[in-house]
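Asks: Chain by chain, the residues run as shown.
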Amino acid sequence: MILVVLENQRGNIHAFSKEAVAAGQSLGSKLGMDVSILCLGENASSLKEQANDYKSKSLILAEHDMISAYSADGYSKVLSDVIKDVSPKYVIMGHSYMVRDFLPRVSAKLDIPFVSDIISVTYDGDSPIFARQVFNAKLATNIQPDSSSNTTLLSFQSAAFSSDEIELGGSDAVSVFEVSLNAEDIKSSSEPEFQESASGVDLTTADVIVSVGRGIESQDNIPMVESLAKAMGAEIASSRPVVDMGWLPSYRQVGSSGQSVSPNLYFSVGISGAIQHVVGMKGSKNIIAINKDEEAPIFEIADYAVIGDLMEIVPKLTEELQK
Amino acid sequence: MKIAVLTKAIPSYESSIRIDSSSTWIDESVVNFVVNESDSYALEEALQIKEKLDNGSEVVVVTMGSQDNTSKVLKDGLAKGADRAIFIQNEDSNTDPLSIAKLFSQNLKDENFDLVFSGLQSDDLGSGQTGVLIGELLGMSTATLGIETDIQDGKIKIKRELESGWFQWVTLPFPASVSIQSGINEPRYPSLKGIMGAKRKESKVIDGQLSDDPKQNFINLFVPKTEKATEKIEGDVDGIVAKLMDILKNKLRVIS
Ligand SMILES: Cc1cc2nc3c(=O)[nH]c(=O)nc-3n(C[C@H](O)[C@H](O)[C@H](O)COP(=O)(O)OP(=O)(O)OC[C@H]3O[C@@H](n4cnc5c(N)ncnc54)[C@H](O)[C@@H]3O)c2cc1C
Ligand SMILES: Nc1ncnc2c1ncn2[C@@H]1O[C@H](COP(=O)(O)O)[C@@H](O)[C@H]1O
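Sequences listed follow chains A and B, in order. When you line the first sequence up against my numbering, it's residues 2 to 324, in that order. When you line the second sequence up against my numbering, it's residues 43 to 298, in that order.
Among the hints, erroneous ones may be present.
Distance condition first, Cα-Cα at most 30 Å in a straight line; then the derived DSS-like pairs of lysine-lysine [claimed, not checked]:
hint : chain 1 : residue 1 : chain 2 : residue 2
1    : A       : Lys110    : B       : Lys267
2    : B       : Lys274    : A       : Lys317
3    : A       : Lys286    : B       : Lys94
4    : B       : Lys92     : B       : Lys114
5    : B       : Lys274    : A       : Lys231
6    : B       : Lys44     : A       : Lys324
7    : B       : Lys293    : A       : Lys110
8    : B       : Lys201    : A       : Lys317
9    : B       : Lys201    : A       : Lys283
10   : B       : Lys270    : A       : Lys31
11   : A       : Lys317    : B       : Lys197
12   : B       : Lys293    : A       : Lys188
13   : A       : Lys188    : B       : Lys94
14   : B       : Lys197    : A       : Lys283
15   : A       : Lys188    : B       : Lys285
16   : B       : Lys201    : A       : Lys286
17   : B       : Lys293    : A       : Lys324
18   : A       : Lys110    : B       : Lys274
19   : B       : Lys246    : B       : Lys270
20   : A       : Lys283    : B       : Lys94
21   : B       : Lys293    : A       : Lys31
22   : B       : Lys114    : A       : Lys231
If you want the footprint, here are the derived chain A segments under chain B, 3+ residues with CB under 8 Å [as the list claims (entries may be wrong)]:
hint : region
23   : 25-37
24   : 43-52
25   : 134-143
26   : 181-195
27   : 296-302
If you are wondering where the hints come from, they were derived from the structure by calculation, not from laboratory data. We treat Cβ as the ideally placed atom computed from N, Cα and C, and that holds for glycine.
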């Protein structure tokens, strides 16, 4: 059996969880396994209502006062108990920040593999092989988890599967898992989620974005890219390291922990193309990327791959644009 | 407060990454090893906590890997201000996060650290699991993606980064294992005095054997395929700029 675990995101099923449902159903049909869906913890009964139409063998509800708000302690304990009870061959979730936070704990508690951040699945006969990115997306690797393990934990990178592929048809059965938790199981406490005050710039409405990465090398070179942006009538954006180093304010950051943008043109300068950056800009209609490394992963999604030194190209191009 | 900081040697971003003849690892002879990015932030956070508490806290840098790749990482950590180093020597290129975490926890258990800091993700394996696994194996509280920390009343408060601009504060009792997100602070450079002093600091070498039943392993590395029809533009700068002007004007019409 395959167990898909749904995550709550401020009242709704997390988008990654929907993709996890599609992933679970796909694996289930390839391997001839039933799929069950677990609604766990925070907002579980509402998640169950929202998941009612998904085709599954059973919908399992695991609720308790002590996990009515997320905690790594509580979630890892309860999910481990569910796994011991229903013995799924695979447990599937989306590779969200919450999954990073607690799923390794389940792996260690039960001494079972957790293959994280999977981008695709192939099959060697009846055994699935999972691919994930390594070396900062410069390479990928195939992984075959230990087949003698009773259960394997899997998390899928966003867009590895599409929620459009979810098979509907409802659930054959609904069951409630008896959660048992003691006060000493949960050592941490958490405060409500919050957003930092919004900024003046809305990158999401920009038509053209010039985005700068660590290839710019120093804060002194930022004005060079600002001039290019100005000459193109573009907003300036950046990758995370540029913000981490304080060269641009955080509201200019594009990626999984920044903004998601889809301009007509995304002009990327000295950005390698790590997945956490790419998820925030791959919806752009046109992508031009300048990078001196011919093998930079950004070129995999670029329409125009400019292989060269940005320090030479950017000033020249700006000069031409200003003419 | 006794703080361990896990710092890993990874290929620098300029290094050329080539699959070796085993097809399960890369050719390390052409790679320049540097400290994993988020680990430098983790070390800085530990050093700042030590300085702030000012009560004789200890910061210990810990690394696992081969002698050749990791030597710079430990020296750098000591030069920046760590009090001592633990080097778990292992010449294999093992890729199973759980085996790696077990090796760490077996060797760190008797140290009874109050805090274990790690980076949120290594730039080579990218499992994003090690710190949390070690926390569970050592019976510690855990948190990930720390972007601010505050030690108060015998507990550590951590501001966690959530997706797309959301955050959350969590409070953990000690001992705790916390993974640190990049950008949390401004990592220092080693001072000349620090570099000189590093030589006199204790560096413990442990012969580390990974468990022989990995739960998962790389079976083969491969180069990802291009998803799009990408047009390559290369050559001399004038040619590139002329071509870009043409594309911006005539194909994309973003300038007139
Ligand atoms: C949980 C998590 C969340 C994250 N969130 C984000 C996020 O929201 N946004 C984000 O961007 N990242 C994020 N990251 C970080 C991400 O993994 C990468 O580390 C980051 O995107 C790399 O930024 P970069 O491409 O600018 O730098 P690097 O990867 O260092 O790349 C620099 C590039 O510049 C090129 N270059 C250097 N010099 C020149 C030159 N003279 N001319 C041309 N090219 C040159 C190099 O070839 C290289 O490809 C996150 C990571 C994690 C684990
Ligand atoms: N071999 C290692 N040596 C030192 N630290 C490590 C090692 N492997 C993992 N880590 C730590 O664990 C973090 C997460 O690694 P990973 O789980 O591989 O993504 C890294 O940022 C390091 O802080």
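Asks: Please go over all the hints and tell whether each is borne out by the structure.
Replies: Each hint tested on the structure:
1. A:Lys110 - B:Lys267: violated, 37 Å
2. B:Lys274 - A:Lys317: Satisfied, since the Cα-Cα distance of roughly 19 Å is no more than 30 Å.
3. A:Lys286 - B:Lys94: Since the Cα atoms of Lys286 (chain A) and Lys94 (chain B) sit roughly 49 Å apart, the hinted pair is violated (cutoff 30 Å).
4. B:Lys92 - B:Lys114: Distance ~23 Å between Lys92 (chain B) and Lys114 (chain B) Cα, so the pair holds.
5. B:Lys274 - A:Lys231: holds, 25 Å
6. B:Lys44 - A:Lys324: violated, 61 Å
7. B:Lys293 - A:Lys110: violated, 56 Å
8. B:Lys201 - A:Lys317: violated, 43 Å
9. B:Lys201 - A:Lys283: holds, 29 Å
10. B:Lys270 - A:Lys31: Holds, at about 28 Å.
11. A:Lys317 - B:Lys197: Judged against 30 Å, a Cα distance of about 55 Å means the pair is violated.
12. B:Lys293 - A:Lys188: Judged against 30 Å, a Cα distance of about 59 Å means the pair is violated.
13. A:Lys188 - B:Lys94: holds, 25 Å
14. B:Lys197 - A:Lys283: Violated. Lys197 (chain B) to Lys283 (chain A) sits at ~41 Å, over the 30 Å cutoff.
15. A:Lys188 - B:Lys285: Given pair Lys188 (chain A), Lys285 (chain B) is violated - Cα atoms ~60 Å apart, limit 30 Å.
16. B:Lys201 - A:Lys286: Given pair Lys201 (chain B), Lys286 (chain A) is violated - Cα atoms ~35 Å apart, limit 30 Å.
17. B:Lys293 - A:Lys324: holds, 19 Å
18. A:Lys110 - B:Lys274: violated, 49 Å
19. B:Lys246 - B:Lys270: violated, 50 Å
20. A:Lys283 - B:Lys94: violated, 42 Å
21. B:Lys293 - A:Lys31: Violated, because 44 Å separates the two Cα atoms, which is more than 30 Å.
22. B:Lys114 - A:Lys231: violated, 42 Å
23. 25-37: violated (count 0)
24. 43-52: Contact hint for the region 43-52 of chain A vs chain B: violated, 0 residues under 8 Å.
25. 134-143: Our answer is that it holds, as 10 residues pass the Cβ test (under 8 Å) against chain B, meeting three.
26. 181-195: holds (count 8)
27. 296-302: holds (count 5)
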